[in-house]
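K.L.:
As a plain string of letters, each chain reads:
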Amino acid sequence: MDVSSITSRRSLRVSVREFFYQEQVPYGPALLRITLPLVLLETLLPRWIHARELFSADGAAAPLAINYNLPGFPPEPSGTLAVAMMTALIVALMSASIGWLTRPSLLIACGLYTYLTLLDCVSTMTKYSVISSHMLLLLSLSQCGSIWSVDAWRKRRSHSHSMTGIPQLPQAYPIWPQRLIQLFIALVYFGAACTKMHTDAYFTSDQLRYWLMTNVNNDNPAGELLSFYPAVVIAMANFAIVWQIVFVFIIWKPVVRWVMLAIGVMFHASTTPLLGLYVFPQVMISSYLSYVEEGHFLRVRGFARQFWSELPVRLDSSRLAATVERLQPRFRVPAAAASGVVWIGILLTATLAGVAAESFCDPYGLRRAEGPFPLKQLDPQLAERLMSPNSPILFSDRLLSFDVGLDMLGGVLLTTQRTVHRGQPFFVQASMAPPHEDVWLNCQLLDSNRQLLHEVGQIVSREHLRADWQYNIPTEFPPGQYSLVLQHQGEAVAERVIGVE
Amino acid sequence: MKRCLSNGFIVAYLSVLLFGVVTHALQYHAHRHPLTYYIVWDMFCGWSAWEQRTHIVGEGESGTLYELAPGPWGEYHPYGDIPRQHYDPFFNHAVRQGINVLKHTRHEPISRILVYEEVWPKKCNLPEPLRQRLCPVPQDPASQFQLRWVCDGEGTVQQRYVSWFDIQAQQAVSNNPRLQREVTPSKQQVILASGMQGQNSAAELRSAN
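Residue numbers (my numbering), protein chains in the order written: chain A, 499 to 999; chain B, 89 to 297.
Hints were generated in silico from the structure; no laboratory data involved. Owing to the predicted nature of the structure, the values given are computational and were not obtained by experimental measurement. Just so you know, even glycine gets a beta-carbon here, dropped at the ideal spot from N, CA and C. Do not rely on the hints blindly, as some may be mistaken.
Taking beta-carbon pairs under 8 Å as the criterion, some of the chain B residues facing chain A (in silico) [what the hints assert, rightly or not]: (1) Tyr101; (2) Val104; (3) Tyr116; (4) Met131; (5) Trp135; (6) Glu149; (7) Ser150; (8) Tyr175; (9) Phe179; (10) Arg194; (11) Asn213; (12) Gln256; (13) Arg269.
Straight-line alpha carbon distances no greater than 30 Å define the calculated DSSO-like cross-link-like pairs of lysine-lysine that follow [claimed, not checked]: (14) A:Lys653 with B:Lys191; (15) A:Lys874 with B:Lys191; (16) A:Lys751 with A:Lys653.
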């Protein structure tokens, strides 16, 4: 074995050790600890009153394991226990966010959140809940409560009371939990890119176009508009998959990191107007806080202080610190054990109060004066539609679009045109909605007097979604309005009028 | 000791994550256990050209049909403006939702619980001017319905049917005279006993109602 290989092996070991065990003040994890629970509370608070229905044996729990043909995993709690757990989860998340008994809070939150989401795969568990479970677990292993937390405040105050009175500097810890969060996020993107590679329709814009038209999330008017530009969708899709694949490899480069994260923020933020997603982008953007390391934070703080000092109107920071000090409670800071007892007391009291409040609310209306709710009769119109045979599926239902354009990108029209010039080649494209049978489509070109000028047909087999025809209106033809008519089985199923100049 | 534990955790955690990514990339047992959902990142899959909804219906002994989801105590909208029952694309949890409503309401004896799938082209979700821009054909949104589950009043499965999408995909392939000659009639039409899968047509299912 030569010296260079020994050296390189040793340097690799040193690099790995430094990568995981470098000591830093956990600014990034602390920011994530503050933010992530608040995002999760946004989804959990509205579900609290439905806890009995969503997560318990006294409701309609929807365990994920049923989809895997594995009933009974995990066991379903009683209604009261589900409400108690949901309440405790909310308290634990609040407590984690403010950093009060941070580690137990995060462990409780992680356990309860994972357990409850596993019980409702229909309306609570999604990939953002899974990502959140991972991050809560990794945060609980970190020292994220050592700064900007009640724990840190209590420790600092008790130290200043008992010792010298000199405030302690934040302590540095091995960075490995933060590294695991960073690696986890990068591998999520890599895995998501694998999914896209397995999905042919992702690269042809079809899958994303239909997603943009889907109405299962919140309103997405910008997405509906974007679905008219499949070439833009293809370009964005290709950019996104490249970004997701390279993320894990280049996020560690200091200069590239912020570019990658800025693209990520834009990518996730755009899913709100485009796809109607609210919580997923918040979870992912919060997760980026794990990429904030000590050096970054100190640099930003340095810039902020410099900016602050250059402001024409300056606040006296020593007076501000004195004011903060004056506003702090004057009571004796409880010892760690006493703080724990108070925390447990609050957790138990809140949980019991939650159970009592939910029982008082009577979500199923069982204790109403008039008794339980009667069943609602089915809307007669809907009942009739359910019970009668389906009308045949119209061909126009299977046709997504019929349009004209000058150029193609990735097999779709780059732009749509309403006017073309004589002698200028242009494309006509019909897009089908899957699933469809093998079909023969005819495209006719008619002049303004509805005279047939040209007719051409094409088979669209079941595995293809598009038929394209290239046209070129000769210069001898007069300018005016021409029509392109799409026919199926001899019947016109779509028509597009174009101006020819 | 502390370093050993953290080393062990790092190795174990990264191994589990990599296992998920590799099984998913190779499509090998990627969905074997519910916990693989925690390590397989298959977002964005399964979006179709048709919007899907769920109708859970109770048939009383008098023949009256009742709405079993959402419950009469109010709708719960988890992600947007549609109730919870519509977020179950595999219809694995619909009957349970119906049973829960029956358990907590006043009603006549219920003889059957029926679960229907409703689909319509997603382009019908677009506002009319946009839809006309996409494909200039006058069109009323026409839903298709497909019976998926038939249970007795206690929720015991009597019949289970394949999805509208599977039927359409099957028809797209089988609409071929040569193939039709090769497929025996007994294989073309199978009405299923509980817990089994097969294919049949919507019209046949309706005649079974």
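K.L.:
Each hint needs a verdict: does it hold in this structure or not?
P.N.:
Hints, one by one, checked against the model:
Annotation: Tyr101 (chain B) was flagged as interfacial toward chain A, and the flag holds, the nearest CB pair being 6 Å apart, inside 8 Å. Hint on Val104 (chain B) is violated. Least Cβ distance to chain A is approximately 10 Å, over the 8 Å limit. Because the closest C-beta pair between Tyr116 (chain B) and chain A is about 12 Å apart, greater than 8 Å, the hint is violated. For Met131 (chain B), the interface hint holds, since its Cβ comes within 8 Å of a Cβ in chain A; the closest pair sits about 5 Å apart.
Because the closest C-beta pair between Trp135 (chain B) and chain A is about 5 Å apart, less than 8 Å, the hint holds. A least Cβ separation of about 13 Å between Glu149 (chain B) and chain A goes past the 8 Å threshold, and the interface hint is therefore violated. The beta carbon of Ser150 (chain B) comes no nearer than 11 Å to any beta carbon in chain A, farther than 8 Å, and the hint placing it at the interface is violated. Proximity of Tyr175 (chain B) to chain A holds as hinted, the smallest CB-CB distance being about 5 Å (cut-off 8 Å).
Nearest Cβ of chain A to the Cβ of Phe179 (chain B): about 11 Å, over the 8 Å cut. The hint is violated. Given hint, Arg194 (chain B) at the interface with chain A, holds; its Cβ is 5 Å from that chain's nearest Cβ, closer than 8 Å. Hint status for Asn213 (chain B) relative to chain A: holds, with the closest Cβ pair at about 5 Å, below 8 Å. The beta carbon of Gln256 (chain B) comes within 5 Å of a beta carbon in chain A, closer than 8 Å, and the hint placing it at the interface holds.
Hint status for Arg269 (chain B): violated, given a least beta-carbon distance of 17 Å to chain A, over 8 Å. A threshold of 30 Å between alpha carbons decides the hint, and for Lys653 (chain A) with Lys191 (chain B) the separation of about 52 Å lies outside it, so the pair is violated. Taking the CA atoms of Lys874 (chain A) and Lys191 (chain B), the gap is near 14 Å; set against the 30 Å cutoff, the hint holds. Note on Lys751 (chain A) and Lys653 (chain A): the hinted pairing is violated, with a Cα-Cα distance of about 36 Å set against a maximum of 30 Å.
Against the hints set out earlier in the document, violations occur for numbers 2, 3, 6, 7, 9, 13, 14 and 16.
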